[in-house]
Amino acid sequence: MNAATRTRSSSRTAGLNATFDDERYAWTRRTSTRRVGVVAEALLLTALTAVALLAAFGALPLVTSVVVWTAGFLAFIPLHAVVNLGVRGVFDRRESTLDEVQRTMRDRSSAAVHAVRVVLGLVAVVGAVAVALHAPVPTQAYSVGFVLWFATWLLSTWHLAWTLPAEDD
Amino acid sequence: MHDRIAVLRAERRTSRKELAEAVGVHPQTIGYLERGEYSPSLALALRIARYFDLPVEAVFSLDPLPPLSAELYGRTVR
Chain A
1 MNAATRTRSS
11 SRTAGLNATF
21 DDERYAWTRR
31 TSTRRVGVVA
41 EALLLTALTA
51 VALLAAFGAL
61 PLVTSVVVWT
71 AGFLAFIPLH
81 AVVNLGVRGV
91 FDRRESTLDE
101 VQRTMRDRSS
111 AAVHAVRVVL
121 GLVAVVGAVA
131 VALHAPVPTQ
141 AYSVGFVLWF
151 ATWLLSTWHL
161 AWTLPAEDD
Chain B
1 MHDRIAVLRA
11 ERRTSRKELA
21 EAVGVHPQTI
31 GYLERGEYSP
41 SLALALRIAR
51 YFDLPVEAVF
61 SLDPLPPLSA
71 ELYGRTVR
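Chains as they are written, first to last, in UniProt numbering: chain A, 1 to 169; chain B, 1 to 78.
It cannot be assumed that every hint is accurate.
[Unchecked claim] Straight-line distance between alpha carbons at most 25 Å, and here's what the computed DMTMM-like set of lysine to aspartate or glutamate pairs gives:
1. B/Lys-17 - B/Glu-71
2. B/Lys-17 - A/Asp-21
3. B/Lys-17 - A/Asp-168
4. B/Lys-17 - A/Glu-23
5. B/Lys-17 - A/Glu-95
6. B/Lys-17 - B/Glu-37
7. B/Lys-17 - A/Asp-92
8. B/Lys-17 - B/Glu-34
9. B/Lys-17 - A/Glu-100
10. B/Lys-17 - B/Glu-57
11. B/Lys-17 - A/Asp-99
12. B/Lys-17 - A/Glu-167
13. B/Lys-17 - A/Asp-22
Since the hints were made in silico from the structure, they are not lab data.
No experiment lies behind these values; they were computed from the predicted model shown.
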């Protein structure tokens, strides 16, 4: 890595850290906001799973499921931005930019959801295989597997957003 | 873990941000410590004690800390 690339990378990291500490986003760090964000994301992913299953078993036209999925994931982007700002992006930032409390809370959340993550990962695989074998539209197996795997990836962020102590004003 | 960080900060007129910058943590971390929501590592406890120029046992304790006035004058509230 040359000096110019290093400087660009370093300023990008600094910019990211500044965003997570920006007081304009203090509202995202309120316990109530974080919890509403977690519930909204969980409901959104549950709805997307249901849509994929309905499409797989022919109860919903494929075009409708594609439209709903596109809209769902477009809505997910700002929603997850709010949740991620609420936890100060501790899962996305460099280790060196976190202090010991942030590292401890991040690791605690990862450990707390580990078992659930393993089970949900298995459900994602089993669910996708089951849909592929038994559903009239087997291509929807990818959607079912993907959305459940996606949820496993979000579990630790949800746990942290739900359990993080309230911050000072 | 109990501590006197809030009392010492007030006495020294130090903000959370100033203390956090001096000991290398996020300002919210000082809040978590003051409210007893997080027990610091030994290294952080020592850095905070050094910032206040006090022995670590004067700032942190496993038992509830008595008011500083009671320690200074040996009197308790009646």
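Do the hints match the structure? See the list:
1. B/Lys-17 - B/Glu-71: Violated, at roughly 28 Å.
2. B/Lys-17 - A/Asp-21: holds (13 Å)
3. B/Lys-17 - A/Asp-168: Distance of about 12 Å is within 25 Å: holds.
4. B/Lys-17 - A/Glu-23: holds (14 Å)
5. B/Lys-17 - A/Glu-95: holds (21 Å)
6. B/Lys-17 - B/Glu-37: holds (18 Å)
7. B/Lys-17 - A/Asp-92: holds (23 Å)
8. B/Lys-17 - B/Glu-34: holds (13 Å)
9. B/Lys-17 - A/Glu-100: holds (16 Å)
10. B/Lys-17 - B/Glu-57: holds (23 Å)
11. B/Lys-17 - A/Asp-99: It holds: about 14 Å lies between the C-alpha atoms, which stays within 25 Å.
12. B/Lys-17 - A/Glu-167: holds (14 Å)
13. B/Lys-17 - A/Asp-22: holds (14 Å)
Hint compliance for this structure: hint 1 is the single one not met.
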